[in-house]
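These protein sequences, in sequence, are chains F and X.
Read in order, the letters of the first sequence are residues 1 to 209 in my numbering.
Read in order, the letters of the second sequence are residues 210 to 541 in my numbering.
Since the hints were made in silico from the structure, they are not lab data.
Treat the hints with caution; some may be incorrect.
Calculated from the model, a selection of chain X residues having no Cβ within reach of chain F, i.e. all distances over 12 Å [stated by the list, open to error]:
1. 220
2. 239
3. 248
4. 267
5. 304
6. 306
7. 333
8. 377
9. 378
10. 446
11. 459
12. 472
13. 501
14. 533
Which stretches of chain F does chain X cover? Using the computed rule of at least three CB atoms under 8 Å from a CB of chain X, they are [claimed, not checked]:
15. 70 to 76
16. 82 to 92
Here the structure is a predicted model, which means the values were calculated and not measured.
Every residue gets a Cβ at the ideal spot worked out from N, C-alpha and C, and that includes glycine.
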Amino acid sequence: MLDADGARAWVLALAEAVEQTCEQLTSLDAAIGDGDHGTNMRRGLRAVVEALDGFDAATPGEVLKKAGMTLISSVGGASGPLYGSAFRAMGKALDTPQADAGQLAGAFAAGLEAVQRLGAAQVGDKTMVDAWAPASAAFAAEAVRGPAAASATAARAAEEAALGTVPLQAHKGRASYLGERSIGHQDPGATSTALLFRTLADVLAGGPE
Amino acid sequence: MKKLINSPDEVVADALVGVAAAHPSLRVDVKERVVSRAAQTRVGKVALVSGGGSGHEPLHGGFVGLGMLDAACPGEVFTSPVPGQMLTAAQRVDGGAGVVFVVKNYTGDVLNFQLAAELAEEEGVPVQTVLVDDDVAVQDSTYTAGRRGTGATLFVEKIAGAAAERGDSLAEVAALGRRVNAASRSFAVALTSCTTPAAGRPGFDLPEDEIEVGVGIHGEPGRSREKIRPAREIVADALAAILADQPLESGEEVIALVNGMGATPLLELYIVYGEVAALLSARGVRIARNLVGNYVTSLDMAGVSITLCRADAELLALWDAPVDTPALRWGV
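Generate coordinates for the entire structure from the input sequences, incorporating the hints supplied.
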């Protein structure tokens, strides 16, 4: 189960993971984008950590909605609205004190839908959708085994999918302007999405089923 | 880099402080980064909100006032504002009749305004968006999917703003804005690069004897790089590009904007305008109204953009309607 404290722990773990990988995300983005994905995500998540400090939440959804609004209002570019609306959509789907695996599966689907509605990307376009879609599907398929097991499977799926963006040609986002030259580089958005699923798996592995 | 700034990080905030001091008719919220009219929106009047990266002044803050925008959201230099700004602006200026977002077609602007529109709707403020994409130079750029939005933004803000002022509904104001965009085409040429305060050096190298043809308002590349030639020939090529995309027949009327990109003197802009007028006249196209000056700039880039809007009696009447903003003022 995921409660408000669990959601808070997840978001804080994601913020820490982005601090650790900021340079890697930025150098991935420098290769095929405009080179600010790491610093943008770090700025946004630092703002989230600040916003959650002392923020009193009764549900995991409130935490995620707060994180989403903060990302939206502090990141800019394309990743701000995309991640921000994903968090808001997940938050709206988790408006109970305790969210079970089925609700989490629904939240990931809602997050994916929000990202695709805004960015209009499909799987294979070399974007964060490439990691989010298989992770969301993997989580749903494993949901009967509980949130911890499902999130571990989802994290692996996201990480494999992020690596799988290397040979792809980008069709959405800044990298799409490079055409064939985008081939051979891992997508920074898919990489940060893998962090999102990995940190949830880590948080849930340490908590009660 | 040699610029009149205090610190590269404070450029936008410091400029807004100056805007506030210079224009008591505006309410400038330096913290929230929203420039709005000091007077509250008339109840029942549709409100217009625009915004985008800073560095294109007077766009958009200079067009806030009677007959044009109700609010503008300046982002960081050449960076989209964030939805929170736009939401704050929309809530602040909604007069109960809804808000039209005027958005230039750059990916960051489009995504952030789209999200802001959703947030505003959730807060009970109906929003319609007018996407401006008038630049015929490129189909896709480093910053855009599809055509870029440039000089026609001023036309959309002026004409849709006048329609809002006369009491048109949200759908009508938005439809008129879209009609103006559809009737407008632009083309730009750069003679030099510009220097963003954060980067501190020119965004691209342009040799002394070359020009960037079809350049974007962030200095992003256009169609080709060519040797500098007499203004007459450059203008002829720019007009040819515009007319290839939107033919104008003899007897038609246009509103023409000859726009400086920031570092080109009026002396040169008037030379360009003279060539535009002569070439259009030779085709039997009449310039019914015009603007010559710096309206949609790119920091200290030298160069010019030309925008033509095919006009009819309704558009001309709305163009002539009173406007009272820091950068555009007549009829009041």
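When the hints from earlier in the document are held up against this structure, which numbers fail? Violated hints: none; all satisfied.
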